[in-house]
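S.K.: When you get a sec, could you build the whole thing from the sequences and use the hints?
6 protein chains.
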Amino acid sequence: VAIDRPDIRGREKILQLHARQLKLSPDVKLSQVAAKTAGCVGADLANIANEAALHAARHDKMAVEMSDFDEAIDRVVAGLEKKSRVMNQQDKETVAYHEAGHALVAESRPSADKVSKISIIPRGIGALGFTQQLPTEDRYLLKYGELLDRLDVLMGGRVAEQLVYGEVSTGAQNDLQRATDIARHMVSQYGMSSLLGPVCFHDADAAFLPVSPDATRGEYSERTAQAIDEEVRNLLGEAEQRVRATLTDRRVQLDALARELLEHETVERSALLILLNQPTAPVLQVVS
Amino acid sequence: VAIDRPDIRGREKILQLHARQLKLSPDVKLSQVAAKTAGCVGADLANIANEAALHAARHDKMAVEMSDFDEAIDRVVAGLEKKSRVMNQQDKETVAYHEAGHALVAESRPSADKVSKISIIPRGIGALGFTQQLPTEDRYLLKYGELLDRLDVLMGGRVAEQLVYGEVSTGAQNDLQRATDIARHMVSQYGMSSLLGPVCFHDADAAFLPVSPDATRGEYSERTAQAIDEEVRNLLGEAEQRVRATLTDRRVQLDALARELLEHETVERSALLILLNQPTAPVLQVVS
Amino acid sequence: VAIDRPDIRGREKILQLHARQLKLSPDVKLSQVAAKTAGCVGADLANIANEAALHAARHDKMAVEMSDFDEAIDRVVAGLEKKSRVMNQQDKETVAYHEAGHALVAESRPSADKVSKISIIPRGIGALGFTQQLPTEDRYLLKYGELLDRLDVLMGGRVAEQLVYGEVSTGAQNDLQRATDIARHMVSQYGMSSLLGPVCFHDADAAFLPVSPDATRGEYSERTAQAIDEEVRNLLGEAEQRVRATLTDRRVQLDALARELLEHETVERSALLILLNQPTAPVLQVVS
Amino acid sequence: VAIDRPDIRGREKILQLHARQLKLSPDVKLSQVAAKTAGCVGADLANIANEAALHAARHDKMAVEMSDFDEAIDRVVAGLEKKSRVMNQQDKETVAYHEAGHALVAESRPSADKVSKISIIPRGIGALGFTQQLPTEDRYLLKYGELLDRLDVLMGGRVAEQLVYGEVSTGAQNDLQRATDIARHMVSQYGMSSLLGPVCFHDADAAFLPVSPDATRGEYSERTAQAIDEEVRNLLGEAEQRVRATLTDRRVQLDALARELLEHETVERSALLILLNQPTAPVLQVVS
Amino acid sequence: VAIDRPDIRGREKILQLHARQLKLSPDVKLSQVAAKTAGCVGADLANIANEAALHAARHDKMAVEMSDFDEAIDRVVAGLEKKSRVMNQQDKETVAYHEAGHALVAESRPSADKVSKISIIPRGIGALGFTQQLPTEDRYLLKYGELLDRLDVLMGGRVAEQLVYGEVSTGAQNDLQRATDIARHMVSQYGMSSLLGPVCFHDADAAFLPVSPDATRGEYSERTAQAIDEEVRNLLGEAEQRVRATLTDRRVQLDALARELLEHETVERSALLILLNQPTAPVLQVVS
Amino acid sequence: VAIDRPDIRGREKILQLHARQLKLSPDVKLSQVAAKTAGCVGADLANIANEAALHAARHDKMAVEMSDFDEAIDRVVAGLEKKSRVMNQQDKETVAYHEAGHALVAESRPSADKVSKISIIPRGIGALGFTQQLPTEDRYLLKYGELLDRLDVLMGGRVAEQLVYGEVSTGAQNDLQRATDIARHMVSQYGMSSLLGPVCFHDADAAFLPVSPDATRGEYSERTAQAIDEEVRNLLGEAEQRVRATLTDRRVQLDALARELLEHETVERSALLILLNQPTAPVLQVVS
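Residue numbers (the numbering used here), protein chains in the order written: chain A, 11 to 298; chain B, 11 to 298; chain C, 11 to 298; chain D, 11 to 298; chain E, 11 to 298; chain F, 11 to 298.
These aren't lab readings, by the way, just hints derived from the structure by calculation. Misleading hints may appear alongside valid ones.
The list treats identical chains as interchangeable, and a pair is accepted whether it falls inside one copy or across any two copies.
[Stated by the list, open to error] Calculated pairs, DSSO-like style, for lysine-lysine (alpha carbon to alpha carbon, straight line, at most 27 angstroms): (1) Lys-102 with Lys-33; (2) Lys-71 with Lys-127; (3) Lys-46 with Lys-127; (4) Lys-39 with Lys-71.
M.R.: Quick look at the structure:
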């Protein structure tokens, strides 16, 4: 929950600053660039403006166009594309189902940010694919229900693999880390567990100070640690069940989206919406 | 409980020192400035005097007026205003109810400092709103009952959210931290738990020394740690229940104050008092 | 138990050394100064001699008088007076009862050092009042019963608050720390617990060495840590009960001494003794 | 799971770079060298190219041949051969059975990489023999079943010793370490335990940062630690049983392969395949 | 158990070396000096020779006499005398009984080193008295029974206090530390506990290395730590009972020796032996 | 299990290198020197060659003889002889029985290295005697049964003391440390406990890295730590029982060997073998 990064208005202003030195094509809407870069700090935006200019120059354009900015956003936000990387067909399919799972759950949860792009092109370190969500507005507060939706989206990839292959892979480790982190904060920081009650254990950020006693587990008892673990596991187990229900219902869409990804590697929001309008009759399936 | 910061008389003297270099308007009462800055140290007061002078200069005033000091106090005490920050209507409403909850509980607890100002204008880092309490006098000792009142005021925001939305948000984390810290001190430092008895575990302040054995959890047993956790949870759970009763009784005032905040963003004590004189018939309500 | 600090004869010699440079009034008895400064080291005594000389100079005296030494002892031993500090009437009364509690328990325990002065004038950091005890001679050994008496004196302030107000305040934290420290040493260092038996866990002083294994809790088991905690709590709980009985019996004296303190802020031993000769009929009282 | 090391295409390119400075024999296929060096980083490949050139020079060749590269791969991947080391006949036989066990399990698990070479010539530090597996392609994801196969291959050496001698030796320590590490990751990182559920404890890599609280055990409770230990032990115990069944079935092949290793010290894939085509009638045996 | 310090022959040779530079009186027997300095290292012996020479010079002697060496041994072994220190009569009596207890137990245990001198003159830091034991020969091994005797001698001071005053004092802390240390070594280092069995936990000396895993408690489980604590407590509790029986039997001698110490401050072995020949009829006594 | 130190062939080559500078007597067989120095590294061998040359020079020999090498091996391997050290008769006898116990168990275990020399002459730091075993060949692997034999040999000294004196001494501490270390490795590193199963906890060697999470106990649960402790204790307790049976059977030999050691201080293998051929009728004995 990064509430002190520049908001959409702030990002637009920062972009305007950097754009003064550029010749922009009339199709460039910096407000749209700002809308697509929620979470970016000043340095990221400077980087994006720079990358856009370089991209335009490399293609001998007279002015920087919106497509240059889009490419720059992709590079900066998700890392440079590594199209040269070889992945076997089996891994590709697994990644396609994994990302399709994230995307379908995101679209089925009212509070979740809408999916703007899904890709199975490996980028950066360790990322074999990605699902980009576009926040419609900056958020300062997250309510209990919204946090549950975030857990669901993170579980989408893993549950899709379980549904399709009957087993999970190592690819969900990062999703699990982030989901566990959110669940642990809900229980131990936000007072959202009725078992633990309205109590806040040490501030996770302050915990990086080396000798603060609040930075150590020692602050609370083993019994409390057990209660926290139990509640974290409950939150995550329930999220898995909710997501399993959602993706079982939407199995036809899941297969279709995975196929689409295997064929085109990248699916934009427009294509996703067309696909989601297809009927979603429940499918029979056996999962181990 | 900062008892060695300058008291009201000390603050007035420090302010007089800094005011020698300023041309003050006759309406400026440094004793009032001192009264509004309980808890400030010398550097804060120097900062306030400086900010007041700058504010007056920016408005081309011939002398520094009381309103300049008031503005300076606001800036220094609660952080610089950031009116440009965009918050969506839903978050604004949540913040309004949250601050209204703090304010109403503060007004309903005899030992709590009176509310001087409530605001939902985001300020500083992480603060989406604030409720400013004006201590009538410096305090050196806090009795058991006064500490319970402090817990209640801190719980006010969270409980207001629960009453109105049936769920809490991440916005109460800082309140919970401070309440947990007070409750833990009551149990393990001030001997205020009948279960633990008149015993004092390590001094929390000394705990920052790196190698002192008293700085580690190791001083007491797991069983004692469990007892401390239980008592802390009891203190916080009971505070939540007391506050729920208070705010359920005052639901009409809560709604009115939240509306007032959404409309004007800031409510001064004078407006608050008018609002509190409205009848407070209990309202029926269903809370999950 | 500081047994290597200079004893009374040693302190007198140190004072003689520093007094050579001063013109002393005939009323000055350095042996008396030595008697009042038990626990002081060489630097403290040098400081006292210096302060006495400065005090005499500020009052344009021809020679340093005994009263200058008394003032200097007060300053050095308990911190510089801060008469300007403002405390509200309620806090003052609480402090008065707190110090009266310490003083009455000290006077009622045969092994406790006699009270030479009680004050509710705030001094130094965190000290809102003080009860000065005058050791009649230096002590090298403390027996079990003498340590119990020390616990009682430390509990006197807290129990007085409980009797009078039905609740305790944050003001007893330092007393509790010192009492807990003594009780923990009795149990884990001096072999004075029949439950734990004649065993000595790590030397608390050596514990400040960074890597010694004896400096860590790890030396003994959780079960032993529980036993230590239990015995510490028993020692402190029993002290509280003994002190409650004493102060309930002496409630009339407690009220009288507190009143005296509120009126004069400082009560010398002579005034205390007069007050203690008043009859001490038990009073009826209700304590929560 | 090292997914950011260069893949086969990347390795070939790196090799081409280093080969520019060498005169290569026409039989050298850098694509084959790349295929045999999965897991190598740039420095390893530079080292291999250099060793191949030196080896060719030492044998007065006009150009670097494929056999030079093979020798260089052996040296770099498994350490320099130490043919001079003396091992007694009993130890040699134990090592032969140990490596034969690894190889037979690898060949009997569909997802395991194929065995390219088995050797009982001691190499490097602590390695008394080795079984080289040739990955057919780089892998980015590993599914649950594939991880189980890896555990089986690692258990192969130990179980072979148990079957043949009725006891294990210290030689399996490194295999056990690696198997334990995989099992622990399955349970605590990849959410592959139904007992623990979809939860991820701290990132093992981040754990090397000195003061991060997530780097310590303290994050989860003793009860969770017990559950993790139990699941790890179950995974390893089940692997041992599966492997015992496999090697009991293939006992004739195990004996034949061990004999072959004792005779020739090194067995290439071609020889292994001939040996595996021999009938594998189950043998009766008694194991303590 | 310091087995690599010089033995008696080694000490004599070292003393001869240092004595070459001194003019010795014919009464000086360096073999006797060596016999009285068991446990001293080279530096200590050099110090003793030097102190003896200085002492002789201060008394204008023509040669260094045996009495100068005796004085030097006293200074170096037990610290410089501080005859000027003032101790009250009550403390002196407590110390006298404490040292008498040590001495009587030492004389009643066959394996204990014989008492050469007892004193209640405070020396060095924290030592209010001392009982000097003269080892008849250097020891390299200590058997179980000999270690029990050492525990008994250490308990002698504390038990004497209990018998005479019905309570113990802080003066036994150092004895308890040493006894606990011996008992802990017996249980966890020497395999002398039948409950724990023939097992050795980490070497206490190696434990001072900062990062060795063997230096931490973590090596063994809480359950083992409990067993160690229990056995340590049993060893110490049984020693206390044995010593109580011994000193109850010898109460007349205890009183006589304490009286002798109060009168003469120091009792030499010759005086002790006369005193021990007095009849030791059991006395009736009441101990709390 | 040091497998990367030079083997017998390596040691011979190193010795040849150092011998080039020496004039060797024809009776010197460097292969025999190599055979007697298993475990030595290059520096040790250089030291031995040097010591042999010095020894020869001190005895005015024309060439370095085999006896010079034997003396040098003794010095370097077990520390310089300290014939001057005085040990009392009781300690000497204890040491004699202790070493005799080691030697007899070593001779009665098929896998144990043969005893080449037994001595009760104190050497080096803390070693009051020694039993030198001559490995017949370098070992790279140790099987379960061989490790049990090692435990037995280490227990031999302690059990001999128990049989003869009915109590153990501090002299077995180092044996217990080494036995505990082997047993702990068997259970937690080599997967040799059926209770724990085929699992490997952290590598003891890697544990010296300061911040590795694998270096801390935290990796496994308290329950696992208890299981490890139990298994370690079982392994050691069973070894003690096996050894007690062996030495009870061989009591006559034990007494004879101890007598031989007391008489000659050193017993070579030849003398040992003669002694072992004496009949070994079981003796009646009473052990506490």
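S.K.: All hints, please: hold or fail.
M.R.: Consistency of the hints with the structure:
1. Lys-102 with Lys-33: Neither: 40 angstroms inside a chain and 39 angstroms across chains, both beyond 27 angstroms.
2. Lys-71 with Lys-127: within (25 angstroms within a copy, 55 angstroms between copies)
3. Lys-46 with Lys-127: within (11 angstroms within a copy, 37 angstroms between copies)
4. Lys-39 with Lys-71: Result: close within a single copy only, 17 angstroms intra versus 42 angstroms inter.
The structure shown violates just one earlier hint, number 1.
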